[in-house]
Amino acid sequence: MSGTTAAQTAKHLLEIKGLEVGFKTQNGVVKALKGVDFTIDAGETVAIVGESGSGKSTTAAAIINLLPGSGQILAGEVLFEGKDLAKASRKELEDIRGKRIGYVPQDPMSNLNPVWSVGFQVEETVKANGLAAGRKAVHAKAVEVLENAGLPDPGKRMRQYPHQFSGGMRQRVLIGIGLASKPRLLIADEPTSALDVTVQRRILDHLDTLTRDDGTALLFITHDLGLAAERAEKLIVMYKGRIVEAGPSLEILQNPLHPYTQRLIAAAPSLASRRIQSSSEHLGSIHHRVDDAASSVDLIDAAELRVEHVATAAAGPAIEVDGLTKVFKLRTGGLKTEDFTAVDNVSFQVPKGTTLALVGESGSGKSTVAKLLLGLEKATSGAITIDGRRSEKLAGKELLALRRSMQPVFQDPYGSLDPLVNIGATISEPMRVHSVGDRTSRRERVFELLDQVALPKAIAGRYPNELSGGQRQRVAIARALALKPDIVVLDEAVSALDVLVQAQILKLLADLQGELGLTYLFITHDLAVVRVIADNVAVMQKGRIVEQATTDEVFDSPSQQYTRELLDAIPGAGIKMGL
Amino acid sequence: MLYYIGRRLLQAIPVLLGTTFIIYFMVFAMPGDPLLGLFGDKAPNPALLARLQEQYALDQPFFVQYLNYLGNLVQGNFGISFSGQPVNDILARTFPVTLKLAVIAIFIEMVLALTIGLISGLRKGGIFDATALVVSLLLISVPIFVLCFVGQFFFAVQLGWFSPTVGSDTSFGKLLLPAIVLSLFVVATAIRLTRASVIETANADFVRTAYSKGLSRRRVVPVHILRNSLIPVTTQLGADFGLLIVGATVTEGIFNVPGVGNTLYQAVIRGERPTVVSFVTVMVLLYLVVNILIDLLYAVLDPRIRYVK
Amino acid sequence: MSSDMTGAGATRSASHFVASVEDAPIDSVDAVKLDEKPSNLWIDAWRDLRTRPMFWISLGLILLILTVALLPTLFTQTDPRACDLANSLAGPGPGAPLGYTKQGCDIYSRIIDGTSTSLSVGLIVILLTTVTGVLFGALAGFFGGFVDTVFMRLGDIFFSIPYILAAVVIMSVFSENRNIVVIALAIGVFAWPTTARVLRSEVLRVKNADYIMAAEATGLSKMGILLKHVLPNSIAPVIVVTTLSLGAAITAEATLSFLGVGLPPQDYMSWGNEISAAQRDLRTDPQTLIYPSIALTLTVLSFILLGEALRDALDPKARALR
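Residue numbers (my numbering), protein chains in the order written: chain E, 1 to 579; chain L, 1001 to 1309; chain Y, 2001 to 2322.
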């Protein structure tokens, strides 16, 4: 990687040498990149993979010198076609941006200016990069750009504003803008992580086609190892501002050498799910043991563990839902309301001690089911039976008793704990509400729970904002377990976490289930995770359950087209794991 | 857009009813003979007393009285002044002057707020920003009448740049000093808000994307940063208009500008309560109308509002 | 997918680079770090305030103003009402460091004596607006629906009347019996919607947080949730608004007094009255007007500064603007 001679430099489209980037904070300059070197050649697709805080997005932004806030390049070179962009003038950079290097940002919702029409924003790109002159020509070029990006009826839609577009359509516009002047390099920073999986796949396929047709090199930033390996020929793994491993994607996936990469591969649900699928006889060959076993998790171990214990679990449903329907009244302006059926005649059972995964994309109604179950919303019709008792008819004392047996863990680790209540009080709140025990015994129980979720006792006096996302989620789990419930409803409980932390929490959940005989309702949009945690799967689409079966059945022989689409959309599904 | 305008106008109706009711309640439902109360310790003018009695139909039950009063308002009859002159006649004479003053003041305010706020926001933490902050906080703290006297004393008495009072000649040059004082009174919050929204917008994702498209700074700053910052600044303008009305009353009084505010000011100073009540009603109605207009302007500026169903 | 990747990329041989573990040591996943001091919004805000000169300056000024208001005799022994026309508009002299008014009263002692009037009005106003505003804002935001619609429409109506104009009308009606409580009521009755709106929007934000749902799922009652979780998390902006409105209320009192519909000058010492009385002498003897103006501005400024410092410390968004 290092020691490139001057003669070689010209060969690379982009060469980054010893790049260091720092952010000014109250405690001085914090380095986000600590010496990064890599190259991209013309027409090549390179993916940078890393967790949040690894510096992957900072690297992307540093290339076009658009670091956010107080960020600045401290040292190193960014040689693009032989020219050092780190030292280029503002004018030179303006010439290169858009024209030679295109950029596709992460969140389609916030990256188009809401006050200007979509056409205006494409046309201004066309003009700024001199792709056409004259009003008519500019307009025609903009239509062409949007057409290429796969936007239907671009001439008409150009007059519309970003808020009238869906997330997927907006991302197509942004891709069109990024590729408008057929740049030599396109930087795509997590271009689809804000979108539903099925949309995600279509957009990435389209991006692949466009860059391949124009011979555009692509730098692809992602947190998903499976996605990276599927889309790029070269992989760069970053960790805490450094590159820990780089090379051909398949080679890294099959033979990771750095312990951090090994950990990532072991923890990535998309790969784990793929590994399980590619039949167990080969598992051994790709099964990487990691030295530091205490702090890393192999999801396959977790999956194997649960197969064993489920076999011994007792039968009988803990949760029984029958014909559950929830209709919301939507105001359609004025006094008129429109019925919106969020949950439509949903029925399922969760046997005691098992996990049912409720899978669906945004708007499928899966979270509403969770709220109905928890009694946080009233069902329009249908029956919910918890441990043989009809829950929707309960009130007062009986409802309180029901709440004791069923507790939730929510998605957003930053929103699920009251920031002004310390951890100890957060965990003991359910016990206080239900008048369980006295001060001392509650204190004991808090320590016991912290121990169960592998957090130190000293954390009890701390506040949520001192903890990481994963730690907060542990606290939320401890709070849910405080009253010794039988059922835990996990609403996207691991979706916001980085893969390593996610794997750790999944393992913790599996351990707790084995230990305490818990029943889980696991709500998620991520089918990959389902494979390693659930016994049964129910797939939801537009308020209905479209498919319901055991996890293996759903993965091996999905009966519905929609389920197949979801399965295909799992990143890494197309990778041959070197078998 | 039409839907939005229609909804906004419909929403204004209960507020209009409510505000007029409250004003009416405050004045006429207080204990004692409301009309005698209006004259205070001065001897009532019998002719005026008779006209007032007729206008408010005081022998009727309370709600009939209110409806009478409301009916008068709807017909554009805002009441009678202390001298027995119809308020409408006074308005026809004074309103153009106040409008002129307000337009000059708002123009100065917007120019100052947008330039100072933009520079402060783009150079956050610099010397210019720090100075602008100190001056704004000081301006927020100085009451309007003190600001008037300071302006009068320094620019008119000491420096002699302007004449200290306006009088009957309401030319641009004469109105400039009160307009500047008035704009200074309201400009501080507008500067602070512009600055805040410029900083927020400058850090927005779409601004970064605009740069990544190859746009120059000279284009991004006005087209993407300033344009978007206008939205919150405009909303604030509506709320500030109440401040402007109070400010205009005091400013017109002190600088003797023959406008609506001055009439109210003189009436308050002299304790002519029927005039006070009539003019406060006029000003509240004006405030409501301006706020509706600003809400419509807001919809023009922000397509997300415009296209709500 | 990658198997389709033919062309230039596939034929190129890329080397497989691995950093040495010593260069990039890896930590255990998600290790708990407890080496820093406990922190939450209030602790952080205090740590932030402590380092800011604006906070200490405004706090010092407010303490001084409070002392003047509570113990005026510490600062002057002169009776503010003991006026001698022989001293009319005289310059500073013994016992009268700032000179005399037209009526021959000691300007300094009148300013000192006016402090308690301004502060009392300001405090009563914010007591009124905060209690009403918090009650209406919290209930409207938390319960939503009908309660929200009624409360907020009511607020809209009160908000639509600029509160100084409303106070002018009320004070006009109360031509007799004008006193501190009446003037405070006149100002406060139309000023509460601001507080209510600020709190309502905070409550709306907070009540959708997952921890509220989690608390509900444990079985905590609605009122318990409002008092234990929602209010503590939404009260910070109200504190800022309250501090700023204290300054605004003092200005309002002075403005009303200046207009002659405030406190009767014969019974109360008010800066607004002093300035009003002095305006005719502005050209010849500006000191009679300028000193009470300075006292008034300084008092308002201290509360505005404190409010700004609190906003910077309590609102993470405001912190980003610094």
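Keep in mind the hints are simulated off the structure, nothing from the lab.
You may find that some hints are simply not true.
One side of the interface only, derived from the structure: several residues of chain Y facing chain E at Cβ under 8 Å [stated by the list, open to error]:
hint, residue
1, His2016
2, Ala2019
3, Val2021
4, Val2029
5, Val2032
6, Leu2034
7, Ala2096
8, Leu2098
9, Leu2128
10, Ala2209
11, Glu2216
12, Ala2217
13, Thr2218
All figures in this text were calculated on a predicted structure; none of them were measured in a lab.
Cβ coordinates follow ideal geometry from the N, Cα and C atoms, glycine included.
Here is how each hint holds up against the structure:
no.: 1; hint: His2016; result: holds (3 Å)
no.: 2; hint: Ala2019; result: holds (5 Å)
no.: 3; hint: Val2021; result: holds (6 Å)
no.: 4; hint: Val2029; result: holds (5 Å)
no.: 5; hint: Val2032; result: holds (6 Å)
no.: 6; hint: Leu2034; result: holds (5 Å)
no.: 7; hint: Ala2096; result: violated (50 Å)
no.: 8; hint: Leu2098; result: violated (44 Å)
no.: 9; hint: Leu2128; result: violated (27 Å)
no.: 10; hint: Ala2209; result: holds (5 Å)
no.: 11; hint: Glu2216; result: holds (6 Å)
no.: 12; hint: Ala2217; result: holds (5 Å)
no.: 13; hint: Thr2218; result: holds (4 Å)
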